[in-house]
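Chemist: From first to last, the protein sequence lines are chains A and B.
Taking this note's numbering, the leading residue of the first sequence gets 1, the next gets one more, and so forth.
Taking this note's numbering, the leading residue of the second sequence gets 117, the next gets one more, and so forth.
None of these hints come from the bench; they were simulated from the model.
By construction, the Cβ of each residue, glycine as well, lies at the ideal position given by its N, Cα and C atoms.
Worth double-checking, as some hints may not be accurate.
Listing some non-contacts, in silico: residues in chain B with all C-beta distances to chain A over 10 Å [as the list claims (entries may be wrong)]: (1) 132; (2) 178; (3) 222.
Which bits of chain B does chain A cover? Going by a derived footprint, with three or more residues having C-beta under 8 Å, they are [to be verified]: (4) 179–188; (5) 191–205.
Label pairs and their in silico Cβ distance ranges [unchecked claim]: (6) B:162 with A:20: 17 to 27 Å; (7) A:67 with B:201: 19 to 29 Å; (8) B:172 with A:82: 46 to 56 Å; (9) B:213 with A:27: 15 to 25 Å; (10) A:16 with B:172: 51 to 61 Å; (11) A:67 with B:183: 18 to 28 Å; (12) A:27 with B:189: 43 to 53 Å; (13) B:174 with A:14: 47 to 57 Å; (14) B:225 with A:112: 27 to 37 Å; (15) B:183 with A:17: 45 to 55 Å.
Residue-level listing of the chains:
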Amino acid sequence: EAQVTQNPRYLITVTGKKLTVTCSQNMNHEYMSWYRQDPGLGLRQIYYSMNVEVTDKGDVPEGYKVSRKEKRNFPLILESPSPNQTSLYFCASSLSSAGVGTDTQYFGPGTRLTVL
Amino acid sequence: AQKITQTQPGMFVQEKEAVTLDCTYDTSDPSYGLFWYKQPSSGEMIFLIYQGSYDQQNATEGRYSLNFQKARKSANLVISASQLGDSAMYFCAMRGINTDKLIFGTGTRLQVFP
Numbered sequence: 001e002a003q004v005t006q007n008p009r010y011l012i013t014v015t016g017k018k019l020t021v022t023c024s025q026n027m028n029h030e031y032m033s034w035y036r037q038d039p040g041l042g043l044r045q046i047y048y049s050m051n052v053e054v055t056d057k058g059d060v061p062e063g064y065k066v067s068r069k070e071k072r073n074f075p076l077i078l079e080s081p082s083p084n085q086t087s088l089y090f091c092a093s094s095l096s097s098a099g100v101g102t103d104t105q106y107f108g109p110g111t112r113l114t115v116l
Numbered sequence: 117a118q119k120i121t122q123t124q125p126g127m128f129v130q131e132k133e134a135v136t137l138d139c140t141y142d143t144s145d146p147s148y149g150l151f152w153y154k155q156p157s158s159g160e161m162i163f164l165i166y167q168g169s170y171d172q173q174n175a176t177e178g179r180y181s182l183n184f185q186k187a188r189k190s191a192n193l194v195i196s197a198s199q200l201g202d203s204a205m206y207f208c209a210m211r212g213i214n215t216d217k218l219i220f221g222t223g224t225r226l227q228v229f230p
């Protein structure tokens, strides 16, 4: 089944404790992206990747890191989480990096993170 | 700057009735795509429908159709014959040919009542 998976789905942690949220897609997609969703703000892009070893900042990158060593995986790293990073996080992927066409982004199930 | 505006924070509709969720957009890209996603209470983001800026016809997917009015920069979602399971948040989104991300609106919460 074609899908984007994220782990963990739920995480409660404390301020300053490094964590990684994994994201994997099995559709051979070039483009991958991380979003956070906060009430009243919709979804905002954190980082994105056009292909292996190519990453760039989105709208709200502060406090986050990413890497793209393999095409299928795009982990999100919080080196020193803070309470303002409490949010619902989504990983998404789409077939190609260029153009629009029917280049739909498919989303993972989400990771609900709470930082105490 | 690119922007998506959804002016309806919440909508109510009776089962089996049709409902229109509004979406307006702003972009300077010559080519772009418009998307609608559904987010039920379980949290996942489900792709519903896509409209390309150069598509001549309005997109349809089952009970979903997109009323695309390019001159007005609007891309409203029409759900026909609403079902209780349609109760969810609905997000309009856009991606321009010169941008590398989806821009989302703030969403509309739809409640379908019997």
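Chemist: For every hint, state whether the structure bears it out.
Modeler: We went through each hint and held it up to the structure:
1. Residue 132 (chain B), annotated as away from the interface, keeps every beta carbon of chain A farther than 10 Å; the closest lies near 29 Å.
2. Chain A leaves residue 178 (chain B) outside its interface by the beta-carbon criterion, the shortest separation being 16 Å against a cut-off of 10 Å.
3. The beta carbon of residue 222 (chain B) is not kept farther than 10 Å from every beta carbon of chain A, the shortest such distance being approximately 5 Å.
4. Interface restraint, the segment 179–188 of chain B with chain A: violated (0 residues with C-beta to C-beta distance below 8 Å; minimum three).
5. For a cut-off of 8 Å, the count of residues in the segment 191–205 of chain B with a CB near a CB of chain A stands at 0, and the three-residue condition is violated.
6. Checking the proposed 17 to 27 Å range against residue 162 (chain B) and residue 20 (chain A) shows it holds: the Cβ atoms sit about 26 Å from each other.
7. At about 38 Å, the beta-carbon gap between residue 67 (chain A) and residue 201 (chain B) misses the expected band of 19 to 29 Å.
8. At about 49 Å, the CB distance of residue 172 (chain B) to residue 82 (chain A) agrees with the hint of 46 to 56 Å.
9. One distance hint, 15 to 25 Å for the beta-carbon pair residue 213 (chain B) and residue 27 (chain A), holds here, with the actual separation near 22 Å.
10. Checked against the given bound of 51 to 61 Å, the beta carbons of residue 16 (chain A) and residue 172 (chain B), roughly 55 Å apart, stay inside it.
11. Our hint of 18 to 28 Å for residue 67 (chain A) and residue 183 (chain B) is violated, since their Cβ atoms are close to 41 Å apart.
12. Here the CB-CB span from residue 27 (chain A) to residue 189 (chain B) is close to 31 Å, at odds with the stated 43 to 53 Å.
13. Under the hint 47 to 57 Å, the C-beta atoms of residue 174 (chain B) and residue 14 (chain A), about 50 Å apart, fit the expected range.
14. In this structure, residue 225 (chain B) and residue 112 (chain A) break the distance hint of 27 to 37 Å, their C-beta atoms being roughly 18 Å apart.
15. A hinted range of 45 to 55 Å for the beta carbons of residue 183 (chain B) and residue 17 (chain A) is consistent with their spacing of about 48 Å.
Figure legend: structure checked against the earlier numbered hints; hints not met, in rising order: 3, 4, 5, 7, 11, 12 and 14.
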